[in-house]
Amino acid sequence: MQDLGISILFKGINFQRLLGGLWVTLRLALITIGLSCLFGLLFASLLLSRRKLPRIFCRIWLEIVRFMPQLVLLYIVYFGFARVFGLDLDGETSAVIVFTFWGTAEMGDLIRGALTSIPRHQTESAAALGLKKSQIFLHVLIPQTLRRLLPQAINLSTRIIKTTALVKMINVTEVLKVGQQIIGQFYRQPDAAFWVYFVIFLLYFIICWPFSLLARQLEKRWA
Amino acid sequence: MADTILRVENVYKSFDGQDVLRGVSLQIREGEVVVIVGPSGCGKSTLLRCINGLETISSGNIFLRDEKISGRTKDLHLVRQKIGMVFQSYDLFPHMKVMDNLLLGPTRALSRPRADVEKEALEMLERVGLKDKAYALPRTLSGGQKQRTALVRAMLMHPEILLLDEITAALDPEMVSEVLNVVIDLARGGMTMAIVTHEMRFAEAVADRVLFLEDGVVLEEGKPEEFFHTPKTERAQRFLQSFTYASKRGTSEKQSKNNLGD
Amino acid sequence: MDGSFILSHVPDYLSGAWVTLRFGLYGVLCSLALGLVCCLLCYFRVPIFHWIAKGYIELARNTPLLVQLFFLYAGLPRVGIRFSAEACAVIGLTFLGGAYMSEAFRSGLESVDRAQVEAGACIGLTAGQNMRYVIFPQALATAIPALFANVIFLIKETSVFSVLAMMDLMNVADTLRTSGGRTVEVLFMLIVAYLLILLPVSLLATLVERRLRYAGFGDQHSV
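Residue numbers (our numbering), protein chains in the order written: chain A, 1 to 223; chain B, 1 to 262; chain C, 1 to 223.
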């Protein structure tokens, strides 16, 4: 006699275990997003710097991030740093380093794009009205920059949430790993794997979708 | 008496509950040039757009040579093949050379052989003074040249009637006449046309009949010399007055004469 | 670094690169096809199908490829739907990429001026002819940068194919690392390999974009 595989998710604390696994990557994502916003501001100011060296430095950084699969970057930090620098980082620390390295560059480039997208005559006409520099920033530039930036930043955040799933590959016990453990326990239930992975798929969707909708809504309203 | 090409019967059109056309009727006979004037927002452009199905009308009927063309959703392209339309923004296809712009309709929509159409297109381009631009990209043309090309593009479909929607409104002043001369040339050739324009002198020169539209109804209809010099309704008088400017040295009656008359 | 180690393992990397490139390419081509179909279904609002297309796009864009692959490879077989690893790779990448390609095409189509659509209709073209000769060529020109960005994104995403036990670049590197312990050399070659694959794509993108700009029907939609 067998029930549907989905029932195993409601046996004992299995569902809580899955959510716990999801929280591992979600927490990584949240830390990454926070740090990326912070460092992204710095990164953008370097990208817009008048001096050449910081600009070139950032460009190269950006290109590395664009060309290297995040998984390769994870391997470099997780396995490579131990070899080269003797730094034996655990998976989660490596993940935060890598994803922040990536997020900073992407966020910085978005901030740069948003700042430079504001036509110069906006500043000029504000100045012509006799506004002070700080007033121009506060009332003219920052609101317009935020409108452009926010939808894109939210989209980047959902990308970060999705990408943190990769920590599975450097032995962090996250939702997929927990799923495998549950499936292992219930190996006599043939369709357990189907339901477990299906639910994980849905969980990710439930987390990311509202952000996507929000980004699209903001984009539409502020277009 | 020539055949009636276009018959518009009691057409209503509303956008979001607001009536733009409120019972417009008109007839255009073969070879006739009808100019529609009126203040902005009076529904003139909407009327033209309704005629070739770019907008669906709320009620009423539109006939092209006794064939009902309003209210159909199927094979609308077959109707539009018989109705030419030119807009104020030229709307040449930017990714195609002038010649490809001209050939697209006749070869694809009408399936005519390319060589025939190309020969005809070259002749028409020569008539409007653009033969040397036949293989240029639209972005290299001036506004006036673009609009002449757009006129040729519409004419190459050999439409039963040509609708012109403020075709000089986007042009620099010095390019207006090169475009309007082409239209007058077409009128002399017997082309049936419905023209919406703000160029009153041109309207007087080209029209067989003038319609004055305001708030979605035809307020006045008449021969151009009557309408422009002795408008019957007070509204039309006020509309024509709006083409005069106040002047530093009193009202400038003269300016208005210059604009409207001789 | 050990030069002879590197040289002796070039063939391994070549075969890994071939797997990455081949399946990346299959995925990209199928994504383009699927993306085009979905965006046309939405554009013409084909009854019922455009809802399906929209739903699929949301699902695919808001879940990680890794999770999608686990579901395909480990979940579906348990309910009797079985694919080979290679098929899973292509299906997974297409499922993800189709949604992104569709969005790129959609924004291209939206950038085409309404007046162009009307002008096409006014010379008596059918909706299909109008799409083919007037709208789509202009939409494609606008969509090219986003399409190329997706190609690079998708090729990078192939790095998770190793969970399907496919011997792609990532898996080749991982196998060498665990067996030989030459982590630095192994990772170095991995970086070089991805660069060699992605740099040409990026150069091609720049070239095509520049040609389009010079061909210059950009005057309609100067972004």
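By construction, these hints were calculated from the structure, which means they are not laboratory data. Backbone N, C-alpha and C define an ideal beta-carbon position, used for all residues, glycine too. Some hints could be false.
[To be verified] So the derived list for chain C, only partly shown, Cβ under 8 angstroms to chain A, looks like this:
no.	residue
1	Cys-30
2	Ala-33
3	Val-37
4	Asn-62
5	Leu-76
6	Val-79
7	Arg-82
8	Val-160
9	Leu-187
10	Leu-190
11	Ile-191
12	Leu-198
[Said to hold, decoys possible] Part of the chain C face toward chain B, derived, beta carbon under 10 angstroms:
no.	residue
13	Pro-11
14	Asp-12
15	Glu-110
16	Gln-116
17	Ile-123
18	Gly-124
19	Leu-125
20	Thr-126
21	Gln-129
22	Arg-132
23	Tyr-133
24	Ala-141
25	Pro-145
Okay, the hints, checked on the actual structure:
Residue-level restraint check for Cys-30 of chain C is violated (minimum Cβ-Cβ distance to chain A is 20 angstroms; threshold 8 angstroms). Violation of the interface hint for Ala-33 of chain C is found here, the shortest Cβ-Cβ separation to chain A being roughly 24 angstroms, above the 8 angstroms cut-off. Taking 8 angstroms as the C-beta contact cut-off toward chain A, the hint placing Val-37 of chain C at the interface is violated, the least distance being around 21 angstroms. Interface hint status for Asn-62 of chain C: upheld, as the beta-carbon distance to the closest one in chain A is roughly 4 angstroms, under 8 angstroms.
Given the 8 angstroms rule on beta carbons, the hint for Leu-76 of chain C holds: about 7 angstroms separates it from the nearest Cβ of chain A. Using the Cβ-Cβ criterion of 8 angstroms, the hint placing Val-79 of chain C at the interface with chain A is satisfied: the shortest such distance is roughly 5 angstroms. Because the beta carbon of Arg-82 of chain C sits about 12 angstroms from the nearest beta carbon in chain A, more than 8 angstroms, this interface hint is broken. Because the smallest distance between the Cβ of Val-160 of chain C and any Cβ of chain A comes to about 6 angstroms, under 8 angstroms, the interface hint for this residue holds.
At a threshold of 8 angstroms, the smallest CB-CB gap from Leu-187 of chain C to chain A is about 5 angstroms, leaving the interface hint in force. At a threshold of 8 angstroms, the smallest CB-CB gap from Leu-190 of chain C to chain A is about 6 angstroms, leaving the interface hint in force. Taken as an interface hint, Ile-191 of chain C checks out: its beta carbon lies about 7 angstroms from the nearest beta carbon of chain A, inside 8 angstroms. With 8 angstroms as the threshold, the beta carbon of Leu-198 of chain C comes within range of chain A, its nearest partner Cβ sitting at about 5 angstroms, so the hint holds.
With a cut of 10 angstroms, the hint placing Pro-11 of chain C at the interface with chain B is violated, because the nearest CB-to-CB distance is about 46 angstroms. Checking Asp-12 of chain C against chain B by beta carbon gives a least distance of about 46 angstroms; that is not within 10 angstroms, so the hint is violated. Interface restraint check for Glu-110 of chain C: the shortest CB-CB distance to chain B comes to about 17 angstroms, outside 10 angstroms, so the restraint is violated. Here the hint on Gln-116 of chain C is kept, as its CB sits about 6 angstroms from the closest CB of chain B, short of 10 angstroms.
The interface hint given for Ile-123 of chain C is met, as the beta carbon of that residue sits about 3 angstroms from the closest beta carbon of chain B, less than 10 angstroms. Proximity of Gly-124 of chain C to chain B holds as hinted, the smallest CB-CB distance being about 3 angstroms (cut-off 10 angstroms). The interface hint given for Leu-125 of chain C is met, as the beta carbon of that residue sits about 5 angstroms from the closest beta carbon of chain B, less than 10 angstroms. Interface restraint check for Thr-126 of chain C: the shortest CB-CB distance to chain B comes to about 5 angstroms, inside 10 angstroms, so the restraint holds.
Residue-level restraint check for Gln-129 of chain C holds (minimum Cβ-Cβ distance to chain B is 5 angstroms; threshold 10 angstroms). Below 10 angstroms, beta-carbon pairs count as interface contacts, and Arg-132 of chain C has one with chain B at about 9 angstroms; its hint therefore holds. Because the closest C-beta pair between Tyr-133 of chain C and chain B is about 6 angstroms apart, less than 10 angstroms, the hint holds. For Ala-141 of chain C, the shortest C-beta to C-beta distance to chain B is roughly 7 angstroms, which falls under 10 angstroms, so the interface hint holds.
Taking 10 angstroms as the C-beta contact cut-off toward chain B, the hint placing Pro-145 of chain C at the interface is violated, the least distance being around 17 angstroms.
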